[in-house]
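Same order as they appear, the protein sequences are chains A and B.
Just so we're aligned: 16 in the numbering used here is position 16 of the first sequence, and the numbers increase by one with no gaps anywhere.
To convert, count from 1 in the second sequence and add 1000; that's the numbering used here.
Among these hints, one or two may not hold up.
[Claimed, not checked] Far from chain B by the CB rule (all over 12 Å, computed), these chain A residues:
1. Val27
2. Gly52
3. Val129
4. Met133
5. Arg148
6. Val152
7. Pro169
[What the hints assert, rightly or not] Ranges between beta-carbon positions, derived for each pair:
8. Ala144/A <-> Glu1136/B: 40 to 46 Å
9. Arg1438/B <-> Leu114/A: 50 to 56 Å
10. Asp1197/B <-> Glu138/A: 20 to 26 Å
11. Asp1115/B <-> Gly71/A: 32 to 38 Å
12. Val170/A <-> Arg1438/B: 20 to 26 Å
13. Val1057/B <-> Glu138/A: 23 to 29 Å
14. Glu1064/B <-> Val49/A: 48 to 54 Å
In case anyone wonders, no lab produced these hints; they're calculated from the structure.
Positions of the beta carbon are idealized from the N, C-alpha and C atoms, including for glycine.
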Amino acid sequence: MDLKLQYRGVSFKVHPVTRDGRVSCSVRRVGDGESADGGAPPPLELRAVGPGEFLVEGPAGPRRGFAVRDGGVFWVHFAGVTWRLEEVRDAALRRPGTAPAIAAPMPGQVLRVLVEIGEVVQKGQALLVVEAMKMQLEISAPHAGTVRSLAVAAGDKVAPGVPLAEVEPVDGATEPAA
Amino acid sequence: MFGRVLVANRGEIAVRVMRSLRDMGVESVAVFSDVDRDAPHVLAADQARSLGAADPVEPYLNVERVVAAARESGCQAIHPGYGFLSENAALAEACDAAGLVFVGPSAEAMRVMGDKLASRRAMQAAGVSVVPGGPEEPGAGRDRGALTSWAGQAGYPVLVKASAGGGGKGMRVVRQASELAAALELCASEAQQAFGDDTLYLERYLERPRHIEMQVFGDHRGRVFHLFERECSVQRRHQKIIEESPSVAVDGELRRRMGEAAVAAASAVGYRGAGTVEFLLDAGGSFYFLEMNTRLQVEHPVTEEVLGVDLVEAQIRTAAGEPLSFHPDQLSIRGHAVECRLYAEDPAAGFLPQAGRLLLVRLPEGPGVRVDSALRQGDEISHRYDPLLAKIITWGREREQALARMERALEDTVVLGIPTNRDFLLKVLRHDAFRAGRLSTQFVEEHLHDWSPPEQLPDEVAALAAVASRGSKTSGTAGGDEPGPWARLGDWRLLSDG
């Protein structure tokens, strides 16, 4: 079955075919048309060699890669870099122009809300102060924009992943956190 | 020598201390809270004692229980590691009262150095220069008016600190008078929560200083000497992330002067065992006493690597009243060592500490690489503990080789399941200013403030995700509600049988 992934706002579709113990994967960027100079790149050949450990065949020979799945999240380590990707289900695809939610990173308590709905904020401007692990952490705007919603007030307990606020980007275009 | 020593800590430092005990033929005893029953430090010890408490953290801070565990298990000494009770004078006193040896300095030395104002006074009396700070009047540290007027007289920027503090908690830089009131309020409430004491303290804030610290040691006969410097300028929010020895900013003459000041500082409190005197070094070559840590330092391995000594062994020998296994006068720095702290924190989300399960772990190896960690695949990383996952230390015949080896070691470090600062550490290592040794405590803010993950996803990475996805679909879970790490790793045999 095809897998649809998202990384920094770009969607990828992977089509794996298993043959003789190897998996052959065609990778396509969603939204790319067929490239003008004649077709997609040749599929990549992969082999499993241990739990979470794979070999990727390349022009210079096999390269080692690591990958695990945790629900809808994929963790991959390849060529000295670690990646975190998300699976996309079409219904959940981000609609352009909507404001990405800013989530609580860890369990804690909201100490102060520093902005109001409708306020124009700069990238990096503090929106809220959350207290967690005896530290006061400023939750700041990931991009410049307008505060569209505030889901919490001072004193609220927050859990990881719970949206705290939404900031609609100035130009409507932003990168989701990777 | 002791026959048995209790290690009152957990995580990498407990494991590290137990390794030295084992090398010395001394038995080790671990203590643990309920959730740590099978933790790496428990498995590294010869025997383990429950502290009998469900809370994951509190038992490690409980002097009474720790001392009782040591007595019940027939230990002669307690090694506190760093953090937890390591700078708690009450543990040293409780050990004395129970006829146990505390591996560390006297309770009195800990009290003086643990108090910002008392340690400054002791340093000034010993002729060691300190960063201008105040207010000095009794009670002024809780008086907003006194704090504000001290800042006004000393001039901005000022650094607000918790008097009882450390580790960057309750600390803020204030650049103008209008920001002071808010910073005082934040710091006081953080200080109250973290240390149970909201007394604040102000210091003149030095622009772009280097953080240079001297490792000091007081032997069993009371001779105090130093074991050269470590540079720990690369910090983020006052937390060190990369440390090295020697420092490119310290020449023979400066090393001699800083060493003398550090020895004077430690001697002023009759220091015994391993300690660290921290200084800020300004661009003009002046240095100022910052604080003294009366314990083993997190970054002690870089000193061990360039000197070829085992500081934990030295601590244990001194505590047992025995001579050291090396002669301080014959030590010299050989090569260069670097340490990177691998943290469970997300550089793409403001470096916030992360919790979750370690789904896959591979640690680096090869020439010049040392890893001090208690990392274990399948373990859950909790918000309740320090987010330090591992310390990766490399040694090279000169700085360039040590850094090249660190780059290799970090590239080979695989931690999947929770975000870590690994890629950020690599970014620092590859930065021109870092390579050139142009460091200051402002390094991260100046050069790497807007770090973000790479833009382009290689096709190989998407393909790897797809094969990981197929693996887990064929495995399923074996009846449990919570799939274990192995289920999430997928059934690779089924995949290759396909």
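A quick look at each hint next to the structure:
1. Val27: Violated, because the least Cβ-Cβ distance between Val27/A and chain B comes to about 4 Å, which does not exceed 12 Å.
2. Gly52: 4 Å, violated
3. Val129: Incorrect as stated: the minimum Cβ-Cβ distance to chain B is 8 Å, not above 12 Å.
4. Met133: Answer for Met133/A: violated, closest chain B Cβ roughly 6 Å.
5. Arg148: 20 Å, holds
6. Val152: 16 Å, holds
7. Pro169: 15 Å, holds
8. Ala144/A <-> Glu1136/B: 40 to 46 Å: Roughly 44 Å apart at Cβ, these two residues keep to the hinted range, so it holds.
9. Arg1438/B <-> Leu114/A: 50 to 56 Å: The hinted range 50 to 56 Å is violated for Arg1438/B and Leu114/A, with Cβ atoms some 35 Å apart.
10. Asp1197/B <-> Glu138/A: 20 to 26 Å: 24 Å, holds
11. Asp1115/B <-> Gly71/A: 32 to 38 Å: Violated, at about 49 Å.
12. Val170/A <-> Arg1438/B: 20 to 26 Å: With Cβ atoms ~35 Å apart, the hint is violated.
13. Val1057/B <-> Glu138/A: 23 to 29 Å: 25 Å, holds
14. Glu1064/B <-> Val49/A: 48 to 54 Å: 52 Å, holds
In summary, the numbered hints that this structure violates are 1, 2, 3, 4, 9, 11, 12.
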